[in-house]
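Chains as they are written, first to last, in our numbering: chain A, 1 to 371; chain B, 372 to 651.
If you're looking for bench data, these hints aren't it; they were derived computationally from the structure. Cβ coordinates follow ideal geometry from the N, Cα and C atoms, glycine included.
Straight line, CA to CA, 20 Å or less: simulated EDC-like cross-link-like pairs of lysine to aspartate or glutamate: (1) B/Lys456 with A/Asp279; (2) B/Lys526 with B/Asp400; (3) A/Lys128 with B/Glu633; (4) B/Lys576 with B/Glu597; (5) B/Lys526 with B/Glu536; (6) B/Lys576 with B/Asp640; (7) B/Lys456 with A/Glu301; (8) B/Lys456 with A/Asp278; (9) B/Lys526 with B/Asp553; (10) B/Lys576 with B/Asp511; (11) B/Lys576 with B/Asp542; (12) A/Lys128 with A/Asp331.
Using C-beta positions, here's what the derived DEER-type ranges look like: (13) B/Asp640 with A/Ser136: 31 to 39 Å; (14) B/Met387 with A/Glu174: 37 to 45 Å; (15) B/Arg523 with A/Trp330: 37 to 45 Å; (16) B/Arg523 with A/Ser282: 35 to 43 Å; (17) A/Thr312 with B/Arg443: 35 to 43 Å.
Spelled out from the first residue to the last, the chains are:
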Amino acid sequence: MVRPVVELDREGIDRLIAQLGDSGFTVIAPTLSDGTISHGPISSSQDLPVGWTEVQDAGTYRLTRREDDALFGYAVGPHSWKRFLHPPEVVVWQGDGGMTPLDLAPPPRYAFFGVRPCEMAAISIQDKVFLDSGFSDDVYRSRRTDAFIVEVECYEPGGTCFCASMGTGPGAVEGADLVVSEILDDEHRFVVRAGSDAGEEVLAALGAAEAETDVIAAAEQVVADAAARMGRTLDTDGLRAALTAQAQSERWDEIAARCLTCANCTMACPTCFCAGIDDSLSLDGAVATRTRRWDSCFGLEFSYIHGGSLRTSAASRYRQWITHKLSTWWDQFGSSGCVGCGRCITWCPVGIDITAEATAMLAEARSEEAS
Amino acid sequence: MATATELSIPQLLDPMPCVVRAVNRETHDTITLEVEPAEPYHFEPGQITMVYKHGVGEIPISISSDPDRHDRISQTVRGVGAVSKAIIASHPGDVLGIRGPFGVGWPIDQAEGGDVAIIGGGIGLAPLRSIVYRVLNRRDRFGAVVILVGARTPKDIVFAEELREWGSRFDIDVNVTVDTADRGWHGPVGVVTNMIPRAPWDSSKVTAFVCGPEVMMRFTARALREDDVPMDKVYVTMERNMQCGVGLCGHCQWGSHFVCREGPVFRYDTVAELFRIRGV
Numbered sequence: 001m002v003r004p005v006v007e008l009d010r011e012g013i014d015r016l017i018a019q020l021g022d023s024g025f026t027v028i029a030p031t032l033s034d035g036t037i038s039h040g041p042i043s044s045s046q047d048l049p050v051g052w053t054e055v056q057d058a059g060t061y062r063l064t065r066r067e068d069d070a071l072f073g074y075a076v077g078p079h080s081w082k083r084f085l086h087p088p089e090v091v092v093w094q095g096d097g098g099m100t101p102l103d104l105a106p107p108p109r110y111a112f113f114g115v116r117p118c119e120m121a122a123i124s125i126q127d128k129v130f131l132d133s134g135f136s137d138d139v140y141r142s143r144r145t146d147a148f149i150v151e152v153e154c155y156e157p158g159g160t161c162f163c164a165s166m167g168t169g170p171g172a173v174e175g176a177d178l179v180v181s182e183i184l185d186d187e188h189r190f191v192v193r194a195g196s197d198a199g200e201e202v203l204a205a206l207g208a209a210e211a212e213t214d215v216i217a218a219a220e221q222v223v224a225d226a227a228a229r230m231g232r233t234l235d236t237d238g239l240r241a242a243l244t245a246q247a248q249s250e251r252w253d254e255i256a257a258r259c260l261t262c263a264n265c266t267m268a269c270p271t272c273f274c275a276g277i278d279d280s281l282s283l284d285g286a287v288a289t290r291t292r293r294w295d296s297c298f299g300l301e302f303s304y305i306h307g308g309s310l311r312t313s314a315a316s317r318y319r320q321w322i323t324h325k326l327s328t329w330w331d332q333f334g335s336s337g338c339v340g341c342g343r344c345i346t347w348c349p350v351g352i353d354i355t356a357e358a359t360a361m362l363a364e365a366r367s368e369e370a371s
Numbered sequence: 372m373a374t375a376t377e378l379s380i381p382q383l384l385d386p387m388p389c390v391v392r393a394v395n396r397e398t399h400d401t402i403t404l405e406v407e408p409a410e411p412y413h414f415e416p417g418q419i420t421m422v423y424k425h426g427v428g429e430i431p432i433s434i435s436s437d438p439d440r441h442d443r444i445s446q447t448v449r450g451v452g453a454v455s456k457a458i459i460a461s462h463p464g465d466v467l468g469i470r471g472p473f474g475v476g477w478p479i480d481q482a483e484g485g486d487v488a489i490i491g492g493g494i495g496l497a498p499l500r501s502i503v504y505r506v507l508n509r510r511d512r513f514g515a516v517v518i519l520v521g522a523r524t525p526k527d528i529v530f531a532e533e534l535r536e537w538g539s540r541f542d543i544d545v546n547v548t549v550d551t552a553d554r555g556w557h558g559p560v561g562v563v564t565n566m567i568p569r570a571p572w573d574s575s576k577v578t579a580f581v582c583g584p585e586v587m588m589r590f591t592a593r594a595l596r597e598d599d600v601p602m603d604k605v606y607v608t609m610e611r612n613m614q615c616g617v618g619l620c621g622h623c624q625w626g627s628h629f630v631c632r633e634g635p636v637f638r639y640d641t642v643a644e645l646f647r648i649r650g651v
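This is chain B alone, in the form it adopts within the complex:
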């Protein structure tokens, strides 16, 4: 029997109140919330937060904002379930609870001195957006910076305005493709992997950060391998059911990994085997 210590306040499970300051509509079902945390907030790109709507529930959301800014956090949320729909219905002034940040983010510093590939599918661009900010804040430390984005239709492109803005810079290469075009679309049509062979990076010097549906990440890794990018320079981020954020609730297990704690970012070659097992 050990001696008594302070008891009974489950601080890990205490949401930090954050006031919604802006609500930006990205697409027909996706918004970006800008929230003001109760205290200065520090996170690494790629880390997850648990976002809580009073009395409705809590869901894992990656942070999509500038990691070097500590007074505001952006959360990009697609309304698909009861909780995410309640969250995207927030208005400026509303209070949301945030726990975290949890897990391991993108190892951006390992890309320093080389090229950066940022490859996103759909709303998978959200946790990658923080990388773009970080890289732009320290632009001189990186070589070529290439952003490849795939979306189902032009209407599903998130951060469209920023992508245009970044694309107009001379120090970033931005390419957006859609699976199905509409009349106003003048860009490429097809899957995001089609753009990999022509991407202007040096395959021996590039570090790739990939986020999207699992099948997209698997095919992206394959295309990168065919492009001679070493698999230990490819990072993916996993989505799993997460409820606690610290590996105690068990839901996010993927093989031996607790995705919320050891992920969500994984080096591809360390998990390639798991991608091959259905329902693991």
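This is chain A alone, in the form it adopts within the complex:
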């Protein structure tokens, strides 16, 4: 099926944002917040980080000005969209002593504006985890089902980006309702493609002109250029088997000597889904509340069974995380758990680099195989 492709100027982007708001969506997009580019509600393109970009490296993140008025001239910030679909803290059950459940508030209807291809890939991965693994998670489903996704292709990859290695960018990946490409040559324009029926309806209501082939070609060129400017790369050939094969490697201890087990990487990761349940009780003892909170395999409590934790060493916890992400995720969900967004590298306080550690393990496995 050929979906419509239109060209918009910045005023057109504003009309698109307004139209989504008028349709009852809470429009969430990248915004300047706390010295980072993080997601927040917007009502026009003016609320986006216009003319801003960032410098990212292992353990480093700094906002800087651009020389233009680009709307999307940056990579990804510390937070991913999982905050909205798989909230860091959510009441999953509330009931009285007879276990009669009380009504919970219905979730908001979101339009995500400015989802990067790696983030779109991450959402598809979490869809698989929460909706397609034999059980469906109602918290996730209730937020995900009605969400409208506007994906934005990347032209300014960050210093820790490696989506090109993971096959998750910088060009759009499947799953969005609309895909936006920003073109910053002599004329500031946007190519917008519909990716779903809902996206088509929104474009039809917008009444924009069809995009000319040369503009579409310009948008494609921008993405192709970006693929060559990734801050990091990762050779994934044989990586899945290498990580499980190296389970007893002494290298894990070497990494653990640097790792603070602070869990930043798992919080920043757009696919990490682990969560724990906390129980609390109202002061009169009548109403019990079960709250789901993000949890991390870097915590000692995470593997706790009576008598103690099973993963007591930092080495075993780092091994669990990276092995799950790049190896056992394949067994569980048929894909890698890593989309190459680079957040775990940028937001690691000691700058541990997943691409460097995985590459070292792969080299170790290859040399053991050769000998």
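Got chain A sorted already, so can you dock chain B onto it with the hints?
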């Protein structure tokens, strides 16, 4: 964007109210609760439930009762943490929440036509007790049925009365050993694996169901291998931190397995490698 479907009731996380009908003390720290579920309950031996105490918390507990009985479930609980201690303090009439059953149970039907070995360490006997009931309900389908139990001391033997009862039958062989005996103990002393070489089963026809601490299961598998029992006829059940029961919370991961969903029962040869990795 998909169309809206019904929203916001996390049914997977809704505990089913169950009324405690009997509390049987097994040992100084372990009790068996008999609860009456709100609706007829079906489970397979070896499956797990999440047991919820109002406002205190929820823990994974295997079911220890007769799988062919649907109006009562027994949960055998050792009081070791805040939640398990609150659960074992329950009285008849109290309400507990139960979610599940979750996971994969013991493949008892695969033992049909052959011998059955049921090998438990300590409270590991709890999920094995359901096998005994199932096998006794269909006794004619099985050959020799051998129960081997190891406990730390005579005071730590769970289901002691039933073990005596089963031991007095001519169609089951029950053997109990303790690590440390006391003055009243007349049975064998030592680890449960010591009893394997003398166990009256046919190694080529036996299916073994093993539950206990990981180290006990590993050594039991080794002793069974030395007894010429094929490793694809040995099943173990794993204990991990479980919070959701359906593989969504991530805590129970063991290698690529979600123990709550793909386990807790595993065929030994499929997981033998993982037993060798510390902290996996």
